[in-house]
Every structure is written in structure tokens, then in C-alpha cells.
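Trainee: Okay, here's what each chain looks like letter by letter:
Number of protein chains: 2
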Amino acid sequence: MKTIFTLLLLAITGLAGAAPKEASPIFGVTIPDGYRKWQFIAPAHETPPLDELRVVVGNPVAMAAIEKNQLPFPDGTILVKMAWKHVQSAESPAAYVPGAASTVQVMVKDSKKYASTGGWGFGRFINGKATDAAQHQTCFACHQALVKDHDYVFTRLAP
Amino acid sequence: MKTIFTLLLLAITGLAGAAPKEASPIFGVTIPDGYRKWQFIAPAHETPPLDELRVVVGNPVAMAAIEKNQLPFPDGTILVKMAWKHVQSAESPAAYVPGAASTVQVMVKDSKKYASTGGWGFGRFINGKATDAAQHQTCFACHQALVKDHDYVFTRLAP
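Protein chains in written order, with our numbering: chain F, 1 to 159; chain P, 1 to 159.
A portion of the hints provided could be inaccurate.
If the Cβ cut is set under 10 Å, some of the chain F residues that face chain P in the computed set are [as the list claims (entries may be wrong)]:
1) Pro49
2) His86
3) Phe140
4) Ala141
Quick caveat, the hints were computed from the structure, so don't treat them as lab data. For every residue, glycine included, the Cβ atom is placed at its ideal position computed from N, Cα and C.
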């Protein structure tokens, strides 16, 4: 009986065309489709212990707001930060380039759903899997402490 | 008489809707319209003395080639590298973020026009102005010495 249910579930998932999306604890944020092709807002370099190169991209709602210097960001804004290990280039030793991907981090603006965290939902993913609730409990406190005056967003548009 | 010619030239430029584009010496490469919204290929960190954060973006021809792992890049490929000073974040001191823009560098693939430099034309711009011929004479030699086997392109797609 259990097997039949499993098969049915697999069949339904198959009909829907894709596996259910991995959602972050607390916020239920998922990795948005197609984000790798979104416009970039800025790169960053995070020193050790994280030791990463990063790029933050925004969806069209985010980029329209940034072009207009609109703060707070409107509902529907999605920001995605990609991070890779900061690795010395074998071909050009003065340069550091992206190594293995470390995390993908997502901020979604929904001022009602996420009213208690500045209107932002957070997701932190490693290899497509959401990290645990403890990690997600730290997101807002740090954004609130350091960048409250910029709608809780660290990244600024690179000129 | 000279004044009349100048006025005529200004009028013609005005009718054409834009000032003539700044072109690089040797190659005649210009900064492409709209490149800031192109897809990013990868970020990089260049250590001192340049001390820069960088992002390389590609036009649709470039990105299609990269998706297919196509080498050499086809004619019509344009790559643009933006560079900014590598500046410590005031809000998050473990992070370095883009400071003032330093250079915009462009590679254009035209296998006939640029046959003597691996099919690539180069442009190096500071505040929209092309740098001098001496700077442009060094581009190809370095790309040839270090990344000949990757069609003279340093940047790889960040995973």
C-alpha cells in the first residue's frame, strides 16, 4: 500500500513536470528560476574565514527600483547572491577567480508575509539544499543591525 | 569660416542623435551600448597594484557560445570587463565592495578584421575615454602568452 502511494506521488510529481522546490526553513523561500541570467548589481569579495567572491543579481522588479533609487524595495523584489571560493588564477597569479560554488542566498520582498523581518524572506542554499533553521534565524538580525537604513540590503549598484 | 564648419559639424552630430563614439587606437573598438545590463560571466579580484574588483559580461553571441562550450568564440562576440577599486565595506568590514570605477575593457571578435591578433580587437577605456596606443599594444601579447588555448580569453563561466 505504501509502495502504491509512493508511486502515485512520483507520478503526480512527474506530471507536474518538476520535483518540488527546496524551500528555506522559517521563510519558505525557494531559489528562483533563471536567476543566473539576471542583471548583476555588484560583485564583492568576502575575506577569510568565508574567503569568497560574490555576485548579487536582481530580478526585473529589483533592477527597476534600483534605477529609480526607490527605497524601500517594492513587493516582488528578489535578490540572489551567488558565492564561490576565492581561488588564485593559475593563468594570471595576481588575479583571484571563482572556485567551487559555496552558497546561493535569496532575499524576497513581501511586506505582508514577512512583516516581522522588515518585509524580507531569506533563503540560504548549499548545492541546492536549504540550510537549517538555526542559520536562517541569524539573517535578519545582522541585516537589521548593519543596513536598516538601506531597506536591510547590503548591496549597492556598482557604478 | 572655421566657426561655420564647427557649427555645421555640431549640427550634423546633433541630427545623428549622439556624439561620435570614442574608439580605441589600433583596433577602433568602442564601448557597446547597453553592456551594463548584459549577463555576467564571472567576477574576479585583482590584487595590488591594480587592487580591483571586476565583473566580465558577455553579449548574447558570447553567452550562447559559452552555453555550448563553443571555442573559438564566433564573430560578433563581445566581452566587456568592468573594474572598480577594491574597497572595504563600511557596513561589513570583512567584505570588500566596488569603489570608484577604474577601467572598462572590451574584446570584440572579428576573425578577418583582427586576424593578426587572434581574431580579437581590444579597447581599454577610462571614464569613457580610450587609453593610448602604447597600452593597446600590450593587450594581445599577454592574452597570447597566457590563454592561447582558451581562444585568448581569461574569463571562464562562474559555476
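Trainee: Work down the list of hints and note, for each, if the structure agrees.
Mentor: Results for each hint:
no., hint, result
1, Pro49, "holds (9 Å)"
2, His86, "holds (7 Å)"
3, Phe140, "violated (15 Å)"
4, Ala141, "violated (14 Å)"
In the structure shown, a violation is registered for the earlier hints numbered 3 and 4, in ascending order.
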